[in-house]
Amino acid sequence: MEGQTPGSRGLPEKPHPAAAAATLSSMGAVFILMKSALGAGLLNFPWAFSKAGGVVPAFLVELVSLVFLISGLVILGYAAAVSGQATYQGVVRGLCGPAIGRLCEACFLVNLLMISVAFLRVIGDQLEKLCDSLLSGTPPAPQPWYTDQRFTLPLLSALVILPLSTPREIAFQKYTSILGTLAACYLALVITVQYYLWPQGLMPESGPSLSPASWTSVFSVFPTICFGFQCHEAAISIYCSMHRRSLSHWALVSVLSLLACCLIYSLTGVYGFLTFGTEVSADILMSYPGNDMVIIVARVLFAVSIITVYPIVLFLGRSVMQDYWRRSCLRGWGPRALADPSGLWVRMPLTVLWVTVTLSMVLFMPDLSEIVSIIGGISSFFIFIFPGLCLICAMGIEPIGPRVKCCLEVWGVVSVLVGTFIFGQSTVAAVWEMF
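Using the UniProt record's numbering, count along the sequence shown one by one with no gaps and you end on 435.
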């Protein structure tokens, strides 16, 4: 163990947690973190800027969010080193006890399941809009059977999503994450360039507002902007797969990843909002002409971007089921020949099960938007509440100077309170919207 003496006042470097082979480079970790954060929320940012009342209020919310988001990532890396665990739910269980650990597992599984359903729904919508754009020149007629989501989504899931989701380690996702990040960058570039080109039909009747209608409107978009940067569920798995796992290096990776995401999100939000003003759609691509080839390409690449992030979410959800399988086998409830949950005969059925369940929910339960929005508030647990609790609990284990310990405990309490506020605000808003 390398670190400081018990009388030192700083945070000591911790030994590496037990994990699989560390094969992930720093650049690969940056791209996986970025891709985890650059999800479907990219389309909503111009609308969030409009609802916040302008660029300045939205920027302030974004900067405040970044402080908590980056600190949450650093805390999770430190908590993984202290606990010696290699999964999010394992770290929470190891530091906060089995009761909170079981709560974390349940919330983790439900949250990731709903995120997967939302991603498949976004992919299906983009495919449907793409087919509509390509067939718009034909006379009005019933859409061909091969453009139906009930055909395109299962085919895409079987041929693309399932093979990408089968690898044993999250480090494999660095290759697809590079492609997905570039696709998201293209969308931000298109929205920025379109603002300066000013194509006909895009001039809004009402210009962008310069001040928020009320401070409540600013607070109402805090969850939208904050959840857009959500990558904390994958943080511990990424950290434990890295070559270099020092806390300072992990902090650098976290800062670089979220600053790059902030640039992409800000360009999309600012220029999308300035182009359409208060008339901007919640899906920014819907505000542009559907027959524009540049927008069609952007729609295709955005679908590619979402396809590349789905396997990361599946990997994390599968890890919860693998942990449960491992504990069951240790208690003698399962065959010993299949005691290793990362083996092919356990990993593949769990992967197929996850894809099948989420795909079935999308195809046979079409009215899931209200449920997804309500459960979306659970994300605040993984960004704020659980990292804050882990930091508080770690202070009872670590030999740290009293002043540093007091400051970190206060920050942990603040994170928990902020997360509780966001969870309550987003959940109440979703329920109010539904009724």
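Since the hints were derived computationally from the structure, they do not count as laboratory data. Please note that the accuracy of each hint is not assured.
Unchecked claim - Quick list of the computed label-pair ranges, beta carbon to beta carbon:
(1) Val297 <-> Leu159: 42 to 48 angstroms
(2) Met365 <-> Gly401: 52 to 58 angstroms
(3) Leu353 <-> Leu155: 35 to 41 angstroms
(4) Ala251 <-> Arg150: 41 to 47 angstroms
(5) Leu63 <-> Glu279: 25 to 31 angstroms
(6) Ser25 <-> Glu279: 40 to 46 angstroms
(7) Pro167 <-> Tyr196: 38 to 44 angstroms
(8) Leu159 <-> Pro349: 17 to 23 angstroms
(9) Arg168 <-> Arg244: 19 to 25 angstroms
(10) Arg331 <-> Arg168: 46 to 52 angstroms
(11) Pro402 <-> Val297: 55 to 61 angstroms
(12) Leu135 <-> Arg326: 47 to 53 angstroms
Just so you know, even glycine gets a beta-carbon here, dropped at the ideal spot from N, CA and C.
Right, here's what the structure says about each hint:
Between Val297 and Leu159 the CB atoms are about 21 angstroms apart, so this pair departs from the stated range of 42 to 48 angstroms. A hinted range of 52 to 58 angstroms for the beta carbons of Met365 and Gly401 is consistent with their spacing of about 53 angstroms. With their beta carbons about 19 angstroms apart, Leu353 and Leu155 fall outside the hinted range of 35 to 41 angstroms. For Ala251 paired with Arg150, a C-beta distance near 46 angstroms keeps the hint of 41 to 47 angstroms intact.
A hinted range of 25 to 31 angstroms for the beta carbons of Leu63 and Glu279 is consistent with their spacing of about 26 angstroms. At roughly 44 angstroms, the beta-carbon separation of Ser25 and Glu279 lies within the given 40 to 46 angstroms, and the hint holds. Evaluation of the 38 to 44 angstroms hint for Pro167 and Tyr196 yields a pass: the beta carbon distance comes to about 41 angstroms. The supplied range of 17 to 23 angstroms is met by Leu159 and Pro349, whose beta-carbon atoms lie about 19 angstroms from each other.
Range check, Arg168 to Arg244: Cβ separation about 22 angstroms, and the 19 to 25 angstroms hint holds. Restraint check, Arg331 to Arg168: a C-beta distance of roughly 24 angstroms breaks the suggested window 46 to 52 angstroms. With their beta carbons about 58 angstroms apart, Pro402 and Val297 fall inside the hinted range of 55 to 61 angstroms. At about 49 angstroms, the beta-carbon gap between Leu135 and Arg326 stays in the expected band of 47 to 53 angstroms.
In summary, the numbered hints that this structure violates are 1, 3, 10.
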